[in-house]
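K.L.:
Read off the chains here:
Protein chains: 2
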Amino acid sequence: MPVATHGAVKGVAPRHLRELGATIILANAYHLAQRPGVETVQALGGLHALMGWDGPILTDSGGFQVMSLGALVRVDDAGVQYRSHVDGRAGRLSPEEAVAVQEALGVDVAMVLDECVPATAPPDRVARAMHRTSEWAERGLAARRRPETALFGIVQGGFDSELRAASAARLTTLGFDGYAVGGLSVGEPSPETARVAAETVALLPAARPRYLMGVGTPGDLLRFAAMGYDLFDCVLPTRNARNGQLFTSRGRINIDNARYRDDPRPIDETCKCPVCARYSRAYLRHLFTTGEILSSVLTSLHNISFYLDTMGRIRQAISLDAFDEFRHSYLSNLARGQD
Amino acid sequence: MPVATHGAVKGVAPRHLRELGATIILANAYHLAQRPGVETVQALGGLHALMGWDGPILTDSGGFQVMSLGALVRVDDAGVQYRSHVDGRAGRLSPEEAVAVQEALGVDVAMVLDECVPATAPPDRVARAMHRTSEWAERGLAARRRPETALFGIVQGGFDSELRAASAARLTTLGFDGYAVGGLSVGEPSPETARVAAETVALLPAARPRYLMGVGTPGDLLRFAAMGYDLFDCVLPTRNARNGQLFTSRGRINIDNARYRDDPRPIDETCKCPVCARYSRAYLRHLFTTGEILSSVLTSLHNISFYLDTMGRIRQAISLDAFDEFRHSYLSNLARGQD
Chain A
7 MPVATHGAVK
17 GVAPRHLREL
27 GATIILANAY
37 HLAQRPGVET
47 VQALGGLHAL
57 MGWDGPILTD
67 SGGFQVMSLG
77 ALVRVDDAGV
87 QYRSHVDGRA
97 GRLSPEEAVA
107 VQEALGVDVA
117 MVLDECVPAT
127 APPDRVARAM
137 HRTSEWAERG
147 LAARRRPETA
157 LFGIVQGGFD
167 SELRAASAAR
177 LTTLGFDGYA
187 VGGLSVGEPS
197 PETARVAAET
207 VALLPAARPR
217 YLMGVGTPGD
227 LLRFAAMGYD
237 LFDCVLPTRN
247 ARNGQLFTSR
257 GRINIDNARY
267 RDDPRPIDET
277 CKCPVCARYS
287 RAYLRHLFTT
297 GEILSSVLTS
307 LHNISFYLDT
317 MGRIRQAISL
327 DAFDEFRHSY
337 LSNLARGQD
Chain B
7 MPVATHGAVK
17 GVAPRHLREL
27 GATIILANAY
37 HLAQRPGVET
47 VQALGGLHAL
57 MGWDGPILTD
67 SGGFQVMSLG
77 ALVRVDDAGV
87 QYRSHVDGRA
97 GRLSPEEAVA
107 VQEALGVDVA
117 MVLDECVPAT
127 APPDRVARAM
137 HRTSEWAERG
147 LAARRRPETA
157 LFGIVQGGFD
167 SELRAASAAR
177 LTTLGFDGYA
187 VGGLSVGEPS
197 PETARVAAET
207 VALLPAARPR
217 YLMGVGTPGD
227 LLRFAAMGYD
237 LFDCVLPTRN
247 ARNGQLFTSR
257 GRINIDNARY
267 RDDPRPIDET
277 CKCPVCARYS
287 RAYLRHLFTT
297 GEILSSVLTS
307 LHNISFYLDT
317 MGRIRQAISL
327 DAFDEFRHSY
337 LSNLARGQD
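Chains A and B supply the protein sequences, listed in that same order.
For the first sequence, the tail end lands on 345 under this note's numbering, and the numbers increase by one without skipping.
For the second sequence, the tail end lands on 345 under this note's numbering, and the numbers increase by one without skipping.
Where hints are given, some of them may not hold.
Incomplete in silico selection of chain A near chain B, CB under 10 Å [what the hints assert, rightly or not]:
1) Arg-21
2) Tyr-285
3) Ser-286
4) Ser-301
5) Ser-306
Where chain B lies over chain A, by a calculated footprint (3+ residues, C-beta under 8 Å) [as the list claims (entries may be wrong)]:
6) 8-16
7) 53-62
8) 266-274
9) 289-296
Hints listed in this document are in silico derivations from the structure and should not be mistaken for laboratory results.
This structure is a prediction, so every number in the text was calculated from the model and none was measured.
Glycine residues also receive a C-beta, built at the ideal position from the N, C-alpha and C atoms.
Assemble the whole structure, with the sequences as input and the hints as a guide.
P.N.:
This is the structure:
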């Protein structure tokens with residue numbers, strides 16, 4: 007899912023997302039509630055109409071943002087009290103309100119409010135956050151009013167297999183439209199992350215979408231898709247594009263490198279995106295070094311295309327029962343690096 | 007002409023310029039010679055191939071930039087000595103080199119090197135700059151090697167009718183593919199500017215393109231087209247877009263104004279551009295206030311579309327012999343302001 011935190015994928019208009027093959031995007035309910043505000047979104051006909059995107063939209067509830075923006079005042083069983091990162095105003099978000107806000111935005115998939123603690127937090131804190139997230143999930147489910155908005159539960163529990171299993175059991179018993187796994191996407195994946203991710207996905211129903219939140223690099227997409235995950239979101243394609251880092255089938259390149267000064271080749275000779283069809287590395291380097299807005303626009307298009315293409319090829323390989331060969335070939339190509 | 011100083015219209019890809027009806031764009035030879043460098047542009051197949059624009063390109067020689075970037079070291083009859091605004095390196099530009107650089111870029115229309123002094127400079131300085139510009143024009147003409155690159159002369163002479171007439175007479179005797187009028191675009195047009203612009207255009211052959219450099223507002227386009235000018239260039243559409251100022255048939259609006267918070271209307275209800283077809287003022291205000299790149303992209307698209315549409319309507323009105331009615335209606339609409 008390309009990330010449209012404020013209701014816009016950074017630098018890329020919806021009709022271009024469509025051209026690149028995007029089918030679903032992610033936005034953030036907390037950010038949208040701050041600006042432009044839920045009532046404004048409603049008055050303008052909902053988030054789809056507002057941003058001109060007619061495909062599915064999934065929103066994160068904003069629990070992670072509230073807890074990570076340094077704006078947190080307090081979390082208790084009732085919910086979260088915070089100060090807005092925009093204007094400092096006090097706000098509160100209960101599990102019920104989190105669902106109501108997302109339904110009011112008119113999105114297709116809402117996430118329950120979860121309590122996010124680092125996976126490396128003290129065991130009792132991780133356990134408490136998992137239990138609270140499960141309680142909130144149940145309350146969120148009970149608060150649903152709009153049947154068109156699907157609701158996903160979020161498995162928490164840090165690196166503790168028993169906590170993860172208890173969380174998954176509780177959520178699957180409640181019954182959600184899909185299941186997310188949270189709290190595993192900070193920094194590079196460790197063996198612990200891979201272990202917990204694999205154990206957890208196996209406890210979630212394969213007939214429902216299974217979503218690994220905040221992941222990841224192109225290699226991560228393959229590794230976690232191999233475990234059974236269906237959905238991912240990550241800011242890397244657009245953020246790295248703005249910093250001049252481009253994804254290719256042969257690994258990443260930093261477009262400001264002097265070696266690309268006269269390089270007539272596209273970013274990736276195997277890529278079918280409109281940027282690789284038209285522009286040379288030399289030109290993209292020029293746009294980056296002169297600070298042209300078009301640099302961010304074109305490199306974001308390419309990076310998003312690269313991610314969507316990778317996911318499309320994963321789906322195709324699975325349907326052809328050739329995923330292992332594909333994975334091997336994709337990862338060894340990635341590791342080869344540039345000529 | 008949309009402005010692509012560094013070989014990119016800020017925020018707008020060539021295929022979208024085409025969709026908006028752009029036929030010719032302006033780039034800057036001095037800036038391109040600094041970055042990415044003339045040899046790089048040549049190695050990549052010329053400026054059209056580099057930037058992916060297959061329509062005509064006009065380049066300014068860069069005299070104005072050299073003299074306005076505070077990087078000037080010295081102007082004498084031989085040409086200009088300067089320090090690069092990018093890396094401080096000493097450079098020189100003669101009238102012959104200015105033509106050679108633009109021919110090497112492969113552009114369709116090159117401008118002669120001119121000496122730019124403020125129209126309000128002391129009379130002897132204005133006179134000397136005009137005479138030097140005429141000498142340089144003759145040398146530029148003699149230095150032509152590439153017949154596919156048209157060459158335009160530039161009339162100088164400040165607010166002095168006799169100097170302007172002498173400049174125009176000298177250039178038309180030499181014979182250029184088109185004629186530009188320089189030195190009149192600083193700040194809001196004064197009655198003096200209008201007088202000199204009108205007198206000067208009348209001295210230039212109507213069968214050749216007559217180009218008023220660096221102009222202007224939408225109203226300016228009408229006023230100067232009424233005098234007989236055919237070509238204009240201005241950074242206003244893209245620069246103002248980035249600052250949240252949008253052009254409409256009812257005057258400019260500042261999209262960050264709180265009155266647009268819930269405004270479901272497009273920027274301009276009479277506009278046919280893809281941005282006005284899809285997006286509300288409320289959404290564009292939201293993108294601007296959250297600092298989204300898409301704000302600059304969409305508002306630049308609209309503003310360029312508005313300018314191109316204005317020029318298209320001017321051409322149509324002229325061809326229908328209805329220019330005066332059109333001008334009256336356009337300017338009174340502009341003056342009405344928003345509801």
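K.L.:
Now, for every hint given, state plainly whether the structure supports it.
P.N.:
Going through the hints against the structure:
About 8 Å separates the beta-carbon of A:Arg-21 from the nearest beta-carbon of chain B, less than 10 Å, and the hint is met. Interface hint status for A:Tyr-285: upheld, as the beta-carbon distance to the closest one in chain B is roughly 6 Å, under 10 Å. Using the Cβ-Cβ criterion of 10 Å, the hint placing A:Ser-286 at the interface with chain B is satisfied: the shortest such distance is roughly 6 Å. For A:Ser-301, the interface hint holds, the least distance from its beta-carbon to any beta-carbon of chain B being 8 Å, beneath 10 Å.
A least Cβ separation of about 8 Å between A:Ser-306 and chain B falls short of the 10 Å threshold, and the interface hint therefore holds. With a cut-off of 8 Å between beta carbons, the segment 8-16 of chain A has 5 residues touching chain B; three or more are needed, and the interface restraint holds. Given as covered by chain B, the segment 53-62 of chain A passes the check, having 3 residues with a CB less than 8 Å from a CB of that chain where 3 are the minimum. Using a Cβ-Cβ cut-off of 8 Å, 3 residues of the segment 266-274 of chain A lie near chain B, which meets the minimum of three, so the contact claim holds.
Here's how the segment 289-296 of chain A fares: 6 of its residues keep a CB closer than 8 Å to some CB of chain B, so the rule of at least three is met and the hint holds.
Of the numbered hints stated above, none is contradicted by the structure.
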